[in-house]
Each structure stands twice: as C-alpha cells, then as structure tokens.
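Engineer: Below, each chain spelled out in residue letters.
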Amino acid sequence: MLKIEGLTAEIDGKQILKGIDLEVPQGEIHAVMGPNGSGKSTLSYVLAGREGYEVTGGTATFNGHDLLAMEPEERATTGLFLAFQYPVELPGVGNANFLRTALNAIRRGKGEPELDAMQFLKLARARMKELSMPEDMLKRGVNVGFSGGEKKRNEVLQMALLRPGLAILDETDSGLDIDALKIVADGVNAMRGPEFSSLVITHYQRLLNYIVPDRVHVLMNGRIVQSGGPELAKSLEETGYTAVQAA
Amino acid sequence: MNAQFEAGPEGFLRRYEGLNNRLPGIRQPWVVALREQAANAFRSKGFPSRKLEAWRYTDLALLAQTGFGEALTPVDEDFALPEATAPQRVVFLDGRFRADLSDGLARSLGANLSAAEGLLGSVARVDDLPLAALNTMLFEDGALIDLPAGADGGAIELLSIIQSGDRPVTVHPRHVIRLGAGARLVLIERALGRGEGRYLHNPVVEIVLEEGAHLTHARIQQEGPGGIFLSTVFANAAAGATYDSFLLHVGAKLSRSEAHVSLNGPKAMAHLNGAQLLADGQHGDCTTFLDHAAPDCASRQTVKTVLAGRSRGVFQGKIHVHQVAQRTDGYQMNQALLLSDQAEIDSKPQLEIYADDVKCSHGATVGELDENQLFYLRARGIPQATARSMLIEAFLQEAVDSVEDETVRAALGTAVAGWWETIA
Chain A
3 MLKIEGLTAE
13 IDGKQILKGI
23 DLEVPQGEIH
33 AVMGPNGSGK
43 STLSYVLAGR
53 EGYEVTGGTA
63 TFNGHDLLAM
73 EPEERATTGL
83 FLAFQYPVEL
93 PGVGNANFLR
103 TALNAIRRGK
113 GEPELDAMQF
123 LKLARARMKE
133 LSMPEDMLKR
143 GVNVGFSGGE
153 KKRNEVLQMA
163 LLRPGLAILD
173 ETDSGLDIDA
183 LKIVADGVNA
193 MRGPEFSSLV
203 ITHYQRLLNY
213 IVPDRVHVLM
223 NGRIVQSGGP
233 ELAKSLEETG
243 YTAVQAA
Chain B
75 MNAQFEAGPE
85 GFLRRYEGLN
95 NRLPGIRQPW
105 VVALREQAAN
115 AFRSKGFPSR
125 KLEAWRYTDL
135 ALLAQTGFGE
145 ALTPVDEDFA
155 LPEATAPQRV
165 VFLDGRFRAD
175 LSDGLARSLG
185 ANLSAAEGLL
195 GSVARVDDLP
205 LAALNTMLFE
215 DGALIDLPAG
225 ADGGAIELLS
235 IIQSGDRPVT
245 VHPRHVIRLG
255 AGARLVLIER
265 ALGRGEGRYL
275 HNPVVEIVLE
285 EGAHLTHARI
295 QQEGPGGIFL
305 STVFANAAAG
315 ATYDSFLLHV
325 GAKLSRSEAH
335 VSLNGPKAMA
345 HLNGAQLLAD
355 GQHGDCTTFL
365 DHAAPDCASR
375 QTVKTVLAGR
385 SRGVFQGKIH
395 VHQVAQRTDG
405 YQMNQALLLS
415 DQAEIDSKPQ
425 LEIYADDVKC
435 SHGATVGELD
445 ENQLFYLRAR
455 GIPQATARSM
465 LIEAFLQEAV
475 DSVEDETVRA
485 ALGTAVAGWW
495 ETIA
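Chains as they are written, first to last, in our numbering: chain A, 3 to 249; chain B, 75 to 498.
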C-alpha cells in the first residue's frame, strides 16, 4: 500500500505540493486528476526520487518502506515504477540491453536469479506481442525515433517486464490516439490483481474509460481537494476543474 | 649502452652520435642521408614548444625533463603475449622484432632495409616535424608490409610492447606499409605497456596506398601509466584508394597521435575516426591534418573524447581543400563528454577551403552526462554507477559503429571494455 501523509515539496524555492494526503491500498487503482500546474508531475517525480525536488515535509511509504529516504533505483527495486509522461531517448543504448539490465537489476533486488540473453528475449518477445509492438523495437536505441505512441507502449512494456507492485502513470494518455490508448490501457488492466496497485495521473477523464479506477482524487494547487468513486471523473469532465475550485 | 642519457634534445642527439655506426642502414648511403637530414632538422628545432600553433595545448615538458636510456629486454626472453586480435601477428618487444612470436606477411624493416629503398622516407616529413625527425634519426626496427597489386593481406596485428621500470627508456619504431593497386589489408596496431615506469614510445608509420587500395588501420594505444606515446602517421592515398582509420587512446600518461593524410588522386577516401578515454591525470591529444589534393574525394571524421578526473583532452582537426579538389565531400565531428568539473577539453577544428564546389561540414560539442537520461535509467532500478557506464558507452558507440571491419570492432571493444568501471 502507498501511504502519503502531509507531503510538501518545492522546486527552486517555490512550493508546489502543499500537503498531500493519499492512500492507495494494495490491489487498487486510484486516479489523480488535476489541471495544469496543480502539481501532478511533481507528485510523481517526488515519489520516484528525481533530483531537483526538495521535500520539505511529510512522509511517503510503500509497503512500509520510507520512499523518500531511498535512491531512485532502490525505490524501483522496492516495486515502484514511474511511467514517464515524456519517455527519455537514449541514443546508443539498445532497447534490449536496457530492458534486460533493468529487469536483472530488479530481479537481483528481489533475490531472483538473473535472466540470460536467451531467456530474456523469449520473455520480451511474448510481452511485446501482447502490446502489438514490432520486434525491431528491441534492436533500436531506447525510444530513439519512436513515435509518441511507441514511446508510451515502450513504457508499458517496461512495466509488464518489471512487474512493479505500484505503477505511477504520469499522463500516459498524453499524445496518444485512441488505438494506442486502448493498447496502453489493456497493458495496465492485464497487471491488475491483488499484488498490483497503481496511481493513474491524468488531466483528462478519457483514459479512465479504459482503466476504470477504484477511487478518483482531485489535485488542485498542491492539495487533494476532493475524492470519490469513478463517477467523480465523469462529473469533472462535464463541469470542469473550475467548478471544483468554486465548491 | 646501459648509460642514462641527459635530458632534453641534446640527450637524443648525443645518443644518435654514439649509436651512429650501429644503427641499421649504416652502410646504405640513402639511409644515412635520411638520418642526417632528420638529425639536422631535430638539432635545429628541438622538441616542439607550445608557442607553435600545432602544440598550443600539449606540453612536452615531461619529455624534455626526462633523461632516457635504452630499452634492454633480452631478445630471447620468454614472454606471455596477450590474445591476438587478428589471425596474423608481428610482435615488437621494446622495439625489437621477435621473429619467434611473429607470423604472417609482415617483415622486420631493420633486417630488410634494402627492400624499403624508395619507400622509407617517401611519405614522412621531418623538416617541420621534430618527433618524426627524432624517429627517423634513431629508428632501429619496425614492420615492413609491402603488398603487391591485387593482393588481399587479410588482417595483421602489429603488437608493440614496451617494458618499463625504474629507468626511463625510449623506443622509436618505424613501420612502412605499401599496398599495391587494388590490394587490401586490415592492420591493427596495438601499443601495450608492461610496468609502471616512464618511457617514450615514438612510432612513425608511413603508408602508401596505390590506386584503389584499401587499408583499414586501427591504432590502439594501451600504454602503461608512465608511458609517453607520441606517434605520427603519414598516409598517401592515390585515386580510388581508401584509408579507413580509427585511433583509440586509453593508456599512457601523455599521448599524442598525429595523422598526416593526403588524398592525392580522384575519388580517394579517408576515415579519420577515433576515441579517447582519459582518466585522472592523463593527457590525450588527437591531431589530424587532412589534405584534399584531388577532386571528388570524401573524408569522414568523428572523434569522441571522454574525460574523467583531472584529465585533459585535445582534438585538432585540420582539413585543407586545395583549389584543384572540386566536389570534395568532407564531414568532421568532434564531441567531448566531461565526467568531472576538473577535466578540460580543447577542441580546434580548422577548415581551409580553396575550391569553390565543395561540401564540408563540421561540428563540435562538449557536454556532461544528461541528468534526465541518468534518472530514467535509475528509475528502472539500474544502479547509478551502471547507469553512468551505460551512457558513457552509448556516447562512444557512434564512433565505434563507424568501423565496418568486424575484427577491428572486436579489438576496439576488448580495449575499451570495463574502462567505465575503472573511473567510477
């Protein structure tokens, strides 16, 4: 379970998160919705451990582990996964090499044996087939020359291979056409189960038609201002964020 | 012979005078004339000073302050060689040809000087290049490879190992390579150091490529930590010939590789690629002079330098497009990756173009590891040190990818493997 209490954080002295309280019980998928500038991306980066964000107060634990005390790679081996809004291109790093290095790092962290190249390829090919990804994406540089949709599918492929306990999807729907959106949603839904929880961060309700959340939270001006069931996303779509602000 | 020589150019000149009647070719007037010309040039110039434009960034004080003696490995010493990188191999131990460890097409130059008459000294310049002059004055041996027209020489490793200890030593090998029309060769020149002591390795390579010949030339410098590596390559390419080279600097305290390449006939081609991996305290200098002296020639150059700790890297790349060299197609790129605030790179591209119908582009970048890329890797569970290694390797990949020959790529891969872990 992800448990965030009173989390405050700033960038360059500017406070962005102003006291976040949020719990995502194991096995549940929660959505965090909010307008631009509400702190959505900051929340995901702070949880994943990106440099440049200063946590000024509060706690964030995952299954009892103090996330904020760990290096990014330690958080990942603990089971946290951040699907990036803008996946980074790594020219000269082959996708297959990247995926295998990451997978084996996670497996080492879990005390599982590492996979050799053959075992890895077999597994990767199976997962790629499920995500309708062409096999040559393994040979290319990580995200290099990938379309927006391919990059997002590559994120979901990483998630499917690393099998995190908690996936934070940072505006994974941005820049996706409806077909790509469905593939990405299918990838996330396939992970659903008692061992998997997810925080789906999005501006729009559209993605939540395909990944139906257990709970929806509204993030505005660095705070969770409203929480509810999946119907909250729909009403937000109709009334907009300004109505929430007024409420 | 065991004497330690005084420091500075005088030490080398005195040695030349002392060795004079024992150097190979003493009975061959053309060799004596070459040596005398070189000695005169060296006497008048001394070591290059930083006042010279071509030496602004590389200081030879370390060389000038050291008194060198002569390398003295017994010629019959048992020696465990590293694994060969090519099917044929010619081995020089402290500059001396080891027939017992060599096989293939390459011969000893020292023992076959007559066969090199008209070739040796035909490409190298000594008047304005003191280090080439020093080599010409004092060379004792080297490899001679002379392929007839149409021959395929396969792949040869030219391995030079210098042993060092308490007493600084110096070796000046001279390698002479000629490929007849249409001949092909892959040459992997590899310099290894054994021991931690100070030494000077000052090789000169002269290369003549006749029409349509194709030479792939890898130069892998893995000298010991006390080594000073100052090498000069001269290559002339006739019409349709290709000089495809890759320089790698990994070892040595101080290294500079100069290449003087001239495309003398139409449709000749040169690749002057390279990489330097410099750790704390190392200085590496890749300097190239490329003459486009005929029309319709092409040149490609990508040089990458990775600098850690207090290292210093230099890239100087001059491309001279003569007036006759219409339709020249030139590309030059040099990139540096700084892993430390204390590292320094000096980069000097220089294009002189006298023809009007040419396509020449060049670029230079200097950067650090990208924080976004590092975070992306770490967010996937990859430890920071591994993530850094992956990104350094990726930076070099583009340069290594330009090497088409599999044997050479494998040799380069072996030479750089694990470097990233050593500087973490």
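By construction, these hints were calculated from the structure, which means they are not laboratory data.
Possibly wrong hints are sitting among the right ones.
Which stretches of chain B does chain A cover? Using the computed rule of at least three CB atoms under 8 Å from a CB of chain A, they are [claimed, not checked]:
#1 308-319
#2 462-474
A few chain B residues that don't get close to chain A, going by computed Cβ distances all over 12 Å [claimed, not checked]:
#3 Pro103
#4 Thr140
#5 Ala255
#6 Glu332
#7 Gly383
#8 Gln397
#9 Leu412
#10 Tyr428
#11 Asp444
#12 Gln447
Here the structure is a predicted model, which means the values were calculated and not measured.
C-beta: ideal position from N, C-alpha, C; glycine also.
Engineer: Would the least Cβ to Cβ distance between Pro103(B) and chain A come out above 12 Å?
Structural biologist: Pro103(B) is indeed farther than 12 Å from all Cβ atoms of chain A, at 55 Å.
Engineer: Verify that the Cβ of Thr140(B) lies farther than 12 Å from every Cβ atom of chain A, and report whether the claim holds or is violated.
Structural biologist: 39 Å, holds
Engineer: Closer than 8 Å, Cβ to Cβ, for at least three residues: run that test on the region 462-474 of chain B against chain A and report holds or violated.
Structural biologist: holds (count 8)
Engineer: Could you check that no beta carbon of chain A comes within 12 Å of the beta carbon of Tyr428(B)?
Structural biologist: Holds, because the least Cβ-Cβ distance between Tyr428(B) and chain A comes to about 36 Å, which exceeds 12 Å.
Engineer: Classify the label on Asp444(B) as holds or violated, using whether its beta-carbon is more than 12 Å from each beta-carbon of chain A.
Structural biologist: Asp444(B) not clear of chain A: closest Cβ-Cβ about 8 Å, inside 12 Å.
Engineer: Taking 12 Å as the cut and beta carbons as the points, is Gln397(B) off the interface with chain A?
Structural biologist: 38 Å, holds
Engineer: Using Cβ atoms and 12 Å as the threshold, tell me whether Gln447(B) really stays out of contact range of chain A.
Structural biologist: 5 Å, violated
Engineer: Beyond 12 Å from every Cβ of chain A: is that where the Cβ of Ala255(B) lies?
Structural biologist: The claim stands: Ala255(B) keeps its Cβ more than 12 Å from every Cβ of chain A (closest is about 38 Å).
Engineer: With d taken as the least Cβ-Cβ distance between Gly383(B) and chain A, does d exceed 12 Å?
Structural biologist: Non-interface label stands for Gly383(B): nearest chain A Cβ at 22 Å, farther than 12 Å.
Engineer: Would you assess whether Leu412(B), listed as outside the interface, keeps its beta-carbon beyond 12 Å of every beta-carbon in chain A?
Structural biologist: It holds; Leu412(B) is separated from chain A by about 17 Å at its closest Cβ, greater than 12 Å.
Engineer: Evaluate the condition: distance from the CB of Glu332(B) to the nearest CB of chain A exceeds 12 Å.
Structural biologist: Non-interface label on Glu332(B) holds, nearest chain A Cβ at 28 Å vs cutoff 12 Å.
Engineer: Examine the region 308-319 of chain B for residues whose CB is less than 8 Å from any CB of chain A, and state whether their number is three or more.
Structural biologist: violated (count 0)
When each numbered hint is compared with the structure, violations occur for hints 1, 11, 12.
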